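Top line first, the protein sequences correspond to chains A and D.
For the first sequence, this note's numbering assigns the number 27 to the initial residue and increments by one for each residue that follows.
For the second sequence, this note's numbering assigns the number 7 to the initial residue and increments by one for each residue that follows.
Hints are computed from structural coordinates only; laboratory data are not their basis.
Check each hint, because a few of them may be wrong.
[Said to hold, decoys possible] With a Cα cut of at most 27 Å, we get these calculated DSSO-like pairs of lysine-lysine:
1) K158(D) x K175(D)
2) K118(D) x K126(A)
3) K104(A) x K72(D)
4) K114(A) x K104(A)
5) K126(A) x K65(D)
[Said to hold, decoys possible] On the chain D side, residues computed to face chain A include the following (Cβ under 8 Å):
6) I43
7) Q44
8) P46
9) G49
10) K59
11) G136
12) S137
13) I138
14) A139
15) E141
16) G146
Please read these numbers as outputs of a predicted model, since none were measured by experiment.
Idealized CB from N, CA, C, for every residue including glycine.
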Amino acid sequence: MNYIKIKLYLLLIMIRRVLTLVLLTLFVAKACFGKLDNQNLKVSDAKLNEISKNIRCLVCQNQSIVNSNSEFAIDIKKMIREKLADGKNKHEIFKFLKSKYGDYVLFDPPFQSNTFMLWILPFLFLFLGTLFLAKKYIKFRKK
Amino acid sequence: MKIKFIYLFPFIFFLSLLVIFFIKFEKIEKGESIEQIQSPLIGKNIPNIKIIKFNENQKISFSKYKNKRFILNFFASWCLPCKIEAPLLNKVSSKIPIIGIAYKDKEEDMIKFLKNYGNPFSEIGVDQLGSIAIEWGVYGVPETFLIDENGKIIYKYAGAISHELYKDKIIPFINND
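This is chain A alone, in the form it adopts within the complex (with noise of 0.2 Å):
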């Protein structure tokens, strides 16, 4: 009787450490397929972020569609996602969006002729104001 007891004990414990280890094997997997899951989706998120950021929020006040929640911002995140996951480059992306809404939409305006003047005025004011400086010095050390 006693042997059949610790038969039946030892079975128990050997039951017990399976179960365990079985359960210690799936908490890993988990854990280490979990992380991985995470990983694509931070990997995801950033290039999502990175795109959204250069994208006009058309009905928001001067806004990336990164930061807001209109219909439209979620509409447009959801479709870069899904044009990334087709693998769609971000320039396939801004090309999309360009000739869906225009020009607008990109933050970034492009340099065309209608847009020129954005791009060479800065730099037209910079060489203008070092020549009136330089002018002004060269003055100042003749006298």
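Please build the complex by placing chain D on the supplied structure of chain A, with the hints as guidance.
Quick look at chain D alone, frame taken from chain A:
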């Protein structure tokens, strides 16, 4: 004391900029001028995207409108300007077909909306996810597109249709002026 123009130029330049901004902001504040973002879709064919009809498991067939002018309007029951423009849309619908696209709307709310404000639409499509709106370059509701007999978008308006717009754009469009 004689002041050279070159010294005054920066002040004049920035002062004129300030005046321009002030006038523009005043106009916007008074609601006189709401800037419309120029759509790159103007002059192009309507986007080739499948639009499923409301309550029917089939898509809207645009070929039906070949050689005909029509209007496409994005609306939603939860949008206040859509309620404001409803009487004008009802008026327009007797003269030209209007396709309505329900943007992120609940079925029961939309039925109630059409019952209360009238149904100007010859066909209604649904855009539950907002993906159709993106293809059409829509960023809010209501938005209205005027489409010519060649299937080209000739005008787009964001916001509720006003009497001025009806008179200046829609009527000439219907009359093919």
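Hint-by-hint comparison with the structure:
1. K158(D) x K175(D): 16 Å, holds
2. K118(D) x K126(A): 32 Å, violated
3. K104(A) x K72(D): Measuring from Cα to Cα gives roughly 33 Å; hence the hint is violated.
4. K114(A) x K104(A): Distance ~14 Å between K114(A) and K104(A) Cα, so the pair holds.
5. K126(A) x K65(D): 22 Å, holds
6. I43: 5 Å, holds
7. Q44: 6 Å, holds
8. P46: 5 Å, holds
9. G49: 13 Å, violated
10. K59: 21 Å, violated
11. G136: 4 Å, holds
12. S137: 7 Å, holds
13. I138: The hint is violated - I138(D) has no Cβ within 8 Å of chain A, the shortest such distance being about 10 Å.
14. A139: 7 Å, holds
15. E141: With a closest approach of 7 Å, the E141(D) hint holds.
16. G146: This hint holds: G146(D) lies near chain A, its Cβ roughly 5 Å from the closest one there, short of 8 Å.
Consistency with the previously given hints fails for numbers 2, 3, 9, 10, 13, ordered from lowest to highest.
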